[in-house]
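Participant: Here's the letter readout for the chains.
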Amino acid sequence: MKNCIFTVNENINIAKDVYKMTLSGDTSDIVFPGQFVNIALSGKFLRRPISVCDVNGNELTLIYKVVGGGTEQLSKMTGREKLDILSGLGNGYDINVPGKRMLLCGGGVGIPPLYLLAKRLIAAGAECICAFGFADKCDVFYTDEFKKLGCEVNIATVSGALGTKGFVTDIFPEEYDYVFTCGPEPMLKAVYKKSKTGGQFSFEARMGCGFGACMGCSCKTIAGAKRICKDGPVLKKEEILWED
Amino acid sequence: MKNCIFTVNENINIAKDVYKMTLSGDTSDIVFPGQFVNIALSGKFLRRPISVCDVNGNELTLIYKVVGGGTEQLSKMTGREKLDILSGLGNGYDINVPGKRMLLCGGGVGIPPLYLLAKRLIAAGAECICAFGFADKCDVFYTDEFKKLGCEVNIATVSGALGTKGFVTDIFPEEYDYVFTCGPEPMLKAVYKKSKTGGQFSFEARMGCGFGACMGCSCKTIAGAKRICKDGPVLKKEEILWED
Amino acid sequence: MGRLSVDLCGKELDNPIIPASGTFGFGYEFAELYDINCLGTFSFKGTTRDMRFGNPLPRIAECESGMINSVGLQNPGIDKVISCELPKLRRCFHKPVMANVSGFSTDEYAEVCERLDGEDNVGWIEVNISCPNVHGGGMSFGTDPKMANAVTKAVKAKTKKPIIIKLSPNVTDISEIAKACEEGGADGISLINTLLGMRIDLKTKKPIIANKMGGFSGKAIFPVALRMVYQVYEAVKIPVVGMGGISCAENVVEMMLAGACACQIGAQNLVDPYACRDIIDDLPRVLDKYGIKNIKDIIGGAH
Amino acid sequence: MGRLSVDLCGKELDNPIIPASGTFGFGYEFAELYDINCLGTFSFKGTTRDMRFGNPLPRIAECESGMINSVGLQNPGIDKVISCELPKLRRCFHKPVMANVSGFSTDEYAEVCERLDGEDNVGWIEVNISCPNVHGGGMSFGTDPKMANAVTKAVKAKTKKPIIIKLSPNVTDISEIAKACEEGGADGISLINTLLGMRIDLKTKKPIIANKMGGFSGKAIFPVALRMVYQVYEAVKIPVVGMGGISCAENVVEMMLAGACACQIGAQNLVDPYACRDIIDDLPRVLDKYGIKNIKDIIGGAH
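For the protein sequence lines, the chains are W, H, C and L, in the order given. Under this note's numbering, think of the first position of the first sequence as 1, with each following residue one higher. Under this note's numbering, think of the first position of the second sequence as 1, with each following residue one higher. Under this note's numbering, think of the first position of the third sequence as 1, with each following residue one higher. Under this note's numbering, think of the first position of the fourth sequence as 1, with each following residue one higher.
The set of hints was computed from the structure by calculation and includes no laboratory data. Hints are not guaranteed to be accurate.
Unchecked claim - Think about it this way: if two alpha-carbon atoms lie no more than 25 angstroms apart in a straight line, the pair counts; the simulated SDA-like pairs of lysine to any residue are: (1) LYS44/H - GLU250/L; (2) LYS205/L - SER5/C; (3) LYS44/W - LYS82/H.
As the list claims (entries may be wrong) - Reference listing, derived: stretches of chain L covered by chain W, where coverage requires no fewer than 3 residues with Cβ under 8 angstroms from a Cβ of chain W: (4) 23–34; (5) 68–75; (6) 88–101.
Backbone N, C-alpha and C define an ideal beta-carbon position, used for all residues, glycine too.
Take the sequences, apply the hints, and build the full model.
Facilitator: In structure tokens, the structure reads:
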């Protein structure tokens, strides 16, 4: 974890309520795909956790959706703003997994962290098949970017306006060796049920600190209580304990 | 009273901890010298009341001293900032007074409102003799500006580094017809005691709203309770009731 | 009956927005700025039997997201309120107003309420049993269920106007006090009055407020107010007027979900004199955003 | 003895800055960021006899200038704290630590304190009688002077470590509770724990916190905390540790003027993990600014 000032370079609307922000700063503590940063915003007490989409040298890419006052404030930035950021939070995905055909399963703004993951997996010689779910056509983003990395990209929309009508579980490939996933909890549950391989699942929670101090985001796992922010957000499939 | 957005044009340090800020905006409710504006600052709950130094068309001049976090924030503005301002607050000085030789008695940042007053008095054909008090040489400001209006300016400093060593009451002219004053309460008391003519005294208080709603700044007068912000800040000499 | 209309003790309000007592005077300062007839109603400056100057200065201290006041019930006394303020008010405000009453004995409360009983432009009497500023005054009534009950009974015996008891939040069990007022015959409960707070001046090293402590209000106290409104809504059957730190239309919706049938806006009026008008104007947008048809449908919806 | 040093129940602290329980874990997360030996001490995660998972999620809600938490005393239980956490802690923190203890009966409080009595790196035991998160739990002890007195006596009988009782602010009369603890033999008082607060999600129209209500902390509550520290300082002779909304060195000076001999920093650690270190570094500048030679000279200076 590092606390640094980042400078906003660009902040563009790429889908309905979804923005891509690039920033410059000390990214040295962002080591694993699936980690997140926690952004202080003026007038807001708590920081806003946003997953890392990509990191290139000192450039950080974040993709986020406007869901409340904090992300709305973020969306109005136009460039040159200075942001106080805690970076390199969370455990992130572990890419040292068995097999070659990797399934990357993402829903909505759960997709961005899979981008750096795909890059790393492909660099390590793996094949990536993406199963991405969106509500509607206007919500779709970043599919070309994944294709450019060399991923096979399959899309499902709830409305059916683009790709297969339905959910990510409706566009699972026949064969894959391992699944990485990030998205809303109902999607994670569906992926958990449908997938027969090992996998890593990235969870969301309302957080206090984002670095393990407050126990605000603890969840029960097979291996005991874990803090989503520090021991997660990525849990191994075999650790997961679904409540109710 | 009017609530408008003003734009900061300039903000310069003119004496120790003292700044002169010019702003553009709708000044139409600033009618009398001695009125004040109430400035909203981001992150501060209460507005900051600052007396009007001058107004020219849509240009407003404020002179203020850094005394806490709010004025410090104000002092760091460099231009183009937008400020939410309630303007035209308070009763202000009434220049329809008997006589021709006016004594303008000011201490420190009590001096700025006397500037617009001097302008108005001179325009109305009066003579202005200023008695200004400062702590030390580094605190002195705006004396040349008063001279340029045609005022006679006498200075006292507590340290004696400039002008007469002592207080404003040590540099009273022999003759004058009326006194207008603004400054810290001990100075107002001394002027009240020393002056033999009628006069108008501008008071300060910790305010809540600045426009008469909260009763946060009421004081007792001969004429009953008055709100410094709404019925003041200027009281006629004959109304004043000193407590203890 | 618009989508913003609500019922308060049998009287319809065009909307649930009510400037809180002590932040709106008798309305004149605000009437210079906008037509205050857009309000649901407003609660006028706390009135006692006798004229009061109130506490010494300073009476105001700033806080993070709020302020402390210690005005100490400055008011002209009930005679002048009836002879001067109410007639003057009739000219700029054409709806029933909420009269806010304070006192230092059950007799005084009863007497002031009796005086107001005949005033036709008084729609409700809000009885402040909680002002934290006055030594030996309102505080004790609001922190003791028996006293709260006694005041309620005393004022109910003297007026037919709906009686709304305004509670202090500086208690261990707000529900207990609310129930005691309901048992005493209260027609409604309003809460919360200010939290008792303090600031010290680092330069003088003494309390900023002349009276040392004062009432803390403003956005900062909203979560405490919301919690207490939620608790009181569960404790009593009479209507609850919510207040404490409301600064926007979203806060109004949240407070009504907690159980408020109407909302008072206090400190926000002092920093933004247009706050109430703007909140009323903004409410339809917020209702649309959250899929709410009529605001009265959401009262207590979070339970 | 530097200008920042203070005495806490007979033990000298290098400075008055103490991260508050529940916002600093057992210190490890912060030890990765800076050398936590710069602290006066710190109060570790509230510990109960048995392991607890705590409350369901969500446990966190944001507020204006603050936050609500409803963690519900998640902790590994006293056995694991003694066998795992304290030895691990010795490696990164070389000063006496403040052990924070919670319980659901006087026996449990007494048992946990007895277990800690033999731990040499525990300098003080802070007994939380005020956690508002646990149904039927700590709350009742902190709101009743008799229960507070009973807990104090029970723990004092089992340990020679200085006992600091941590009070809940959700009471009518904080002085009464503090006096009951002093009478029970407490060596110090710490306050305030969180205010009971609530937020409602406008989208779901239900409380954000799974447990509905939770503890409100952060800058917003500072004026209430300051007032209660001022009151308790006048009510008791034992040392008072002040906390509640402190976010900067100026707040520390203000809290000490009100009567605190040391200060705990809570929610601010969660949004600025370097807060305590930075406050310690900034204190000399603030003392200079206000003409204070040694910080201990100002304790209670506003009275």
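Participant: If you draw a straight line from the CA of LYS44/W to the CA of LYS82/H, is it 25 angstroms or shorter?
Facilitator: holds (21 angstroms)
Participant: Tell me if chain W covers the region 88–101 of chain L under the three-residue, 8 angstroms CB rule, please?
Facilitator: Result for this restraint: violated, n = 0.
Participant: Report holds or violated for chain W covering the region 23–34 of chain L, Cβ cut-off 8 angstroms, minimum 3 residues.
Facilitator: holds (count 7)
Participant: Would you check chain W against the region 68–75 of chain L, counting CB to CB pairs closer than 8 angstroms, and say if three or more residues qualify?
Facilitator: The restraint on the region 68–75 of chain L holds, since 3 of its residues have a Cβ under 8 angstroms from chain W and three suffice.
Participant: Take a quick look at whether LYS44/H and GLU250/L sit within 25 angstroms of each other, Cα to Cα.
Facilitator: It holds: about 16 angstroms lies between the C-alpha atoms, which stays within 25 angstroms.
Participant: Regarding the pair LYS205/L and SER5/C, is the alpha-carbon distance no greater than 25 angstroms?
Facilitator: Within the cut-off at roughly 20 angstroms; holds.
Comparing the model with each earlier hint shows a violation of hint 6 alone; every other hint is respected.
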